[in-house]
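Number of protein chains: 2
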Amino acid sequence: MQRLKGFREFFPEPLPPGEEWSCDLRQYIFDCWRRTARRYGFREYDGPPVEPLSLYTAKSGDEIVSQLFNFLDKGQDAVSLRPEMTPTVARMVAAAERAYRKPIKWFSMPQLFRYEAPQKGRLREHFQFNCDLFGEEDPAADAEVVALLIDVLRALGLTEEDFVVRLSSRKAWQAFYEAEGGKPEAASEFFQAVDKMEREDPGTLARRLAPTGVTAEAVAQFIDAGLPTPELQGILDNLTARGLGAYVKIDYGVIRGLAYYTGVVFEAFDRKGEFRAIAGGGRYDNLVSVLSGGKVKLPALGFGMGDVVLALLLRKRGKVPSFASTIDVMVLVEDETLRVDSLALVQRLRESGKAVDYSLTPMKADKQFKRALEMGAAHWARLERGPEGVILRVKDLRSRTEQVGTPDSAASLV
Amino acid sequence: MQRLKGFREFFPEPLPPGEEWSCDLRQYIFDCWRRTARRYGFREYDGPPVEPLSLYTAKSGDEIVSQLFNFLDKGQDAVSLRPEMTPTVARMVAAAERAYRKPIKWFSMPQLFRYEAPQKGRLREHFQFNCDLFGEEDPAADAEVVALLIDVLRALGLTEEDFVVRLSSRKAWQAFYEAEGGKPEAASEFFQAVDKMEREDPGTLARRLAPTGVTAEAVAQFIDAGLPTPELQGILDNLTARGLGAYVKIDYGVIRGLAYYTGVVFEAFDRKGEFRAIAGGGRYDNLVSVLSGGKVKLPALGFGMGDVVLALLLRKRGKVPSFASTIDVMVLVEDETLRVDSLALVQRLRESGKAVDYSLTPMKADKQFKRALEMGAAHWARLERGPEGVILRVKDLRSRTEQVGTPDSAASLV
Numbered sequence: 006m007q008r009l010k011g012f013r014e015f016f017p018e019p020l021p022p023g024e025e026w027s028c029d030l031r032q033y034i035f036d037c038w039r040r041t042a043r044r045y046g047f048r049e050y051d052g053p054p055v056e057p058l059s060l061y062t063a064k065s066g067d068e069i070v071s072q073l074f075n076f077l078d079k080g081q082d083a084v085s086l087r088p089e090m091t092p093t094v095a096r097m098v099a100a101a102e103r104a105y106r107k108p109i110k111w112f113s114m115p116q117l118f119r120y121e122a123p124q125k126g127r128l129r130e131h132f133q134f135n136c137d138l139f140g141e142e143d144p145a146a147d148a149e150v151v152a153l154l155i156d157v158l159r160a161l162g163l164t165e166e167d168f169v170v171r172l173s174s175r176k177a178w179q180a181f182y183e184a185e186g187g188k189p190e191a192a193s194e195f196f197q198a199v200d201k202m203e204r205e206d207p208g209t210l211a212r213r214l215a216p217t218g219v220t221a222e223a224v225a226q227f228i229d230a231g232l233p234t235p236e237l238q239g240i241l242d243n244l245t246a247r248g249l250g251a252y253v254k255i256d257y258g259v260i261r262g263l264a265y266y267t268g269v270v271f272e273a274f275d276r277k278g279e280f281r282a283i284a285g286g287g288r289y290d291n292l293v294s295v296l297s298g299g300k301v302k303l304p305a306l307g308f309g310m311g312d313v314v315l316a317l318l319l320r321k322r323g324k325v326p327s328f329a330s331t332i333d334v335m336v337l338v339e340d341e342t343l344r345v346d347s348l349a350l351v352q353r354l355r356e357s358g359k360a361v362d363y364s365l366t367p368m369k370a371d372k373q374f375k376r377a378l379e380m381g382a383a384h385w386a387r388l389e390r391g392p393e394g395v396i397l398r399v400k401d402l403r404s405r406t407e408q409v410g411t412p413d414s415a416a417s418l419v
Numbered sequence: 006m007q008r009l010k011g012f013r014e015f016f017p018e019p020l021p022p023g024e025e026w027s028c029d030l031r032q033y034i035f036d037c038w039r040r041t042a043r044r045y046g047f048r049e050y051d052g053p054p055v056e057p058l059s060l061y062t063a064k065s066g067d068e069i070v071s072q073l074f075n076f077l078d079k080g081q082d083a084v085s086l087r088p089e090m091t092p093t094v095a096r097m098v099a100a101a102e103r104a105y106r107k108p109i110k111w112f113s114m115p116q117l118f119r120y121e122a123p124q125k126g127r128l129r130e131h132f133q134f135n136c137d138l139f140g141e142e143d144p145a146a147d148a149e150v151v152a153l154l155i156d157v158l159r160a161l162g163l164t165e166e167d168f169v170v171r172l173s174s175r176k177a178w179q180a181f182y183e184a185e186g187g188k189p190e191a192a193s194e195f196f197q198a199v200d201k202m203e204r205e206d207p208g209t210l211a212r213r214l215a216p217t218g219v220t221a222e223a224v225a226q227f228i229d230a231g232l233p234t235p236e237l238q239g240i241l242d243n244l245t246a247r248g249l250g251a252y253v254k255i256d257y258g259v260i261r262g263l264a265y266y267t268g269v270v271f272e273a274f275d276r277k278g279e280f281r282a283i284a285g286g287g288r289y290d291n292l293v294s295v296l297s298g299g300k301v302k303l304p305a306l307g308f309g310m311g312d313v314v315l316a317l318l319l320r321k322r323g324k325v326p327s328f329a330s331t332i333d334v335m336v337l338v339e340d341e342t343l344r345v346d347s348l349a350l351v352q353r354l355r356e357s358g359k360a361v362d363y364s365l366t367p368m369k370a371d372k373q374f375k376r377a378l379e380m381g382a383a384h385w386a387r388l389e390r391g392p393e394g395v396i397l398r399v400k401d402l403r404s405r406t407e408q409v410g411t412p413d414s415a416a417s418l419v
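Sequence order for the protein chains is A and B. Heads up: the first sequence begins at 6 in the working numbering, then just goes up one per residue. Heads up: the second sequence begins at 6 in the working numbering, then just goes up one per residue.
Only true hints are included.
Which copy? The list can't say, so a pair holds if one copy fits it or any two copies do.
Straight-line distance between alpha carbons at most 25 Å, and here's what the computed DSS-like set of lysine-lysine pairs gives:
hint, residue 1, residue 2
1, K79, K10
2, K254, K277
3, K372, K302
4, K107, K359
Rather than coming from a laboratory, the hints here were simulated on the basis of the structure. All values derive from a computational prediction rather than experimental measurement.
Please model the complete structure; the sequences and the hints are all you need to start from.
Below, the structure is given as structure tokens:
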């Protein structure tokens, strides 16, 4: 009765033997994604995890369709678990854009799926932070989105030593392709070839380029020159004004695989080159129009950042905080005649906002105390019978100081 | 290019015409679920949204299997989108319980799925708050879990006037069934009949009861008497000690449909009876053993609370907060020669933790100001050229007061 291959279970820390995915770390990452997006004025949305298959075939990005987790549902409809969020959000915006001021700045944190031949360590799902901006074609929008990408990683403790955003442009590549006499009908193959060149050998690149009419040498020269277009220069200047210039560079080695990109494209990488891309995105000015049958035209751009590479990178760079403290107060019940009062104390402390635990059934005092330490409690609290009635004793387990008060004073003592 | 029937899209507020699911309200509910569970010392976990079909057939709850969103994947494996979380968490705990102290207190907020004949307004997915406690058979554990259920609803602003938890017991029902001479092989049908009796007419109940050997009159008398077992009395006393006695009552009209319950069962309902159950759960002391092939025996109980009924109830009772304020500060850029400095100001404010927006491109001053009001900004901030250089002016839009400082002082002025 195992879980399916390629799917993860997320456990609370400390992780059981053999498990590597921490729900505490996941939540830490999710909180950081959400908090940073909100600081940028982005609003949260979500869509269905199951979509009509045609939503993905409409864009005719055949590369990704072959990897879909698609199936026939009981009603014999062709559907798919979502492999990416962009078509969903483009559809939602196309349908609802009149209700919102422009630019529309939205984010989401969907779980995404693909169906690949099972391979060791290859997952069939991941979570992806998606940020998109609709309704603004000025490069100032691109800069705003890239700045958000950078600040999310900074909020997770990563610095300019740890990562860089490589900025490129489909328009620059298109101009190059035309100038080099590339065959118009092979443009899509050309983008695919360049997208894969860093992961494949020179022979494969040459084979892929052959039908396009552009040489590997010309491609290499274009990347080496790395001359920014005015658009890219505008983005660099904007990010520099924010103090984020050190986090970006022009790098035409990035082109992105998906068919729908139309302008600026970018990917974030760890500086040491140990991992796959941390995040990637770009402009897709035509997709809303395609998905709305031409009814709505809205320039758009966005990026996705997955949880898998990010978690591995944070671990490797020692940027994962400790999740050892799970409660604020352990209520010790040493005198069982005070259990009813202790339950009232637990309730009072929880109502004051504290995370509180206690032993559900009678337990030896030293074992309760040990448990308080194991759970990383900041305090313990205990009711005691004194000469003048029941008193409350609270111990701060960090400063080792004790305080005594009435049971009613609990919230003020911890 | 529509979404699939029975699936929701969650939009940021204000909602577009025709849409009823607010992502802001959803996140408000999620935050409340998570915060309250943590106050109770519950830890978060998650499992795969796709599971082997056998995970659900193993329990042989045929009623639910017929409604599964199951399918054959590309590898011809029989799988299902998860219809409930309990089998998943029982498997996770069975596999990993040695790594955790008992009792294990876990929560999750999965999206769940079912495939029913399309009906108006019937959804094929919902989100469900799941809280489970493993490793404690004492009724003190049942009380802890029911208290958490109550406090989640209280944290959402609902009171004892709004809802009540109806407490029942499979054991009490089993004892009644045996005392009445019910046929052992029809026990499961008997529980199903009782589970449905509140939603069906007396004729149907009589037909369902016929093969069991127990009469509808005996059932009605048992429910009317409502005598608490010692176990249920213990739970009532425990909740009363916490000051939560007014939120529960013994009510054998609740029995729960699922096959795996073994002891106490409960459901939360709105007092006015306008909605289906808000939440439901109970003890399932054998499920971990069943799913681990008898290797792990752990008493267990838990509950699930869906987001759909809850959102409808909160709306109906006027307990939904306003989500009109989406940013803290609007930075006004009225002098375009100060745009670079304004970007630095935006960055500084965001780094101080504020949610900040600004116009990406040049915009008339009055329009920027109007936008600040529309977005519910608490402040606007503006750079101005003065006789002694650039100054920062900040206006508190609630108190209508203005402050002036240097651009560096931004974080201290808002």
